[in-house]
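Participant: The task is simple: from the sequences and hints, build the whole structure.
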Amino acid sequence: LLWTLWCLNVFAYYGLVLLSPDLFRWLSQTTLQSAASDAKELTTKDSALYVGALSTAVAELPGLFLSLALIDFIGRRNTQSVMLLISAVALASLCVPKLPRWTLVTLAVASRATVSAAFNA
Numbered sequence: 013l014l015w016t017l018w019c020l021n022v023f024a025y026y027g028l029v030l031l032s033p034d035l036f037r038w039l040s041q042t043t044l045q046s047a048a049s050d051a052k053e054l055t056t057k058d059s060a061l062y063v064g065a066l067s068t069a070v071a072e073l074p075g076l077f078l079s080l081a082l083i084d085f086i087g088r089r090n091t092q093s094v095m096l097l098i099s100a101v102a103l104a105s106l107c108v109p110k111l112p113r114w115t116l117v118t119l120a121v122a123s124r125a126t127v128s129a130a131f132n133a
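For what it's worth, my numbering labels the leading residue of the sequence shown as 13, then goes sequentially.
Just so you know, these hints were derived from the structure itself, not from any lab. Among the clues, some could well be false.
If you anchor each label on the Cβ, the simulated ranges turn out as follows [as the list claims (entries may be wrong)]: (1) Trp114 <-> Trp18: 26 to 34 Å; (2) Phe23 <-> Leu76: 34 to 42 Å; (3) Gly87 <-> Asp34: 35 to 43 Å; (4) Lys110 <-> Tyr62: 19 to 27 Å; (5) Lys110 <-> Arg88: 37 to 45 Å; (6) Ser105 <-> Ala69: 14 to 22 Å; (7) Phe77 <-> Lys110: 28 to 36 Å; (8) Asp84 <-> Val22: 20 to 28 Å.
C-beta atoms are modelled at their ideal positions from N, C-alpha and C, and glycine is treated no differently.
Facilitator: Laid out in C-alpha cells, this is it:
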C-alpha cells in the first residue's frame, strides 16, 4: 500500500509541475480573449504566465517547512495522511470549470505545496 501511495504521489507531483504552465497559459488566454491584442497586452500575458509558474514553484518551500513542523507534533504517518488529503481536495477542485483566476492559482499553489510536503514526510 505504501509504495502505491508513493507512486501516485510522484505522478501527482510531476503532473502538477507539467500542468502549471499550461494552466496559466489557458488562464491568460481566456482572460484576454475579449481584449485587443497589441504588444503591451501580450507582454502582460506572458509575464502573468511566468509569475503564476514561479508562484507555484515557490509554494514548495512553505509546504516543506509545514511538513517539518507537523512531523514533530502529529508524527510522520498523520502528516503524510493530512497532506495527501489536502492535496487530493485541491487537485479535485482544479477540475471545476469556471472558477475565478485567484481561486485556481490558490488551488495550484496549495496542491503543489501539499504534494511536495507529503512526498517528503
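Participant: Now tell me, hint by hint, if it's right for this structure.
Facilitator: Going down the list of hints, with the structure as the test:
1. Trp114 <-> Trp18: 26 to 34 Å: 32 Å, holds
2. Phe23 <-> Leu76: 34 to 42 Å: Once the Cβ atoms are compared, 20 Å apart, the range 34 to 42 Å for Leu76 and Phe23 is violated.
3. Gly87 <-> Asp34: 35 to 43 Å: 36 Å, holds
4. Lys110 <-> Tyr62: 19 to 27 Å: Holds - the Cβ-Cβ distance for Lys110 and Tyr62, about 24 Å, lies within 19 to 27 Å.
5. Lys110 <-> Arg88: 37 to 45 Å: Once the Cβ atoms are compared, 38 Å apart, the range 37 to 45 Å for Arg88 and Lys110 holds.
6. Ser105 <-> Ala69: 14 to 22 Å: This hint holds: roughly 20 Å between Cβ atoms.
7. Phe77 <-> Lys110: 28 to 36 Å: 33 Å, holds
8. Asp84 <-> Val22: 20 to 28 Å: 25 Å, holds
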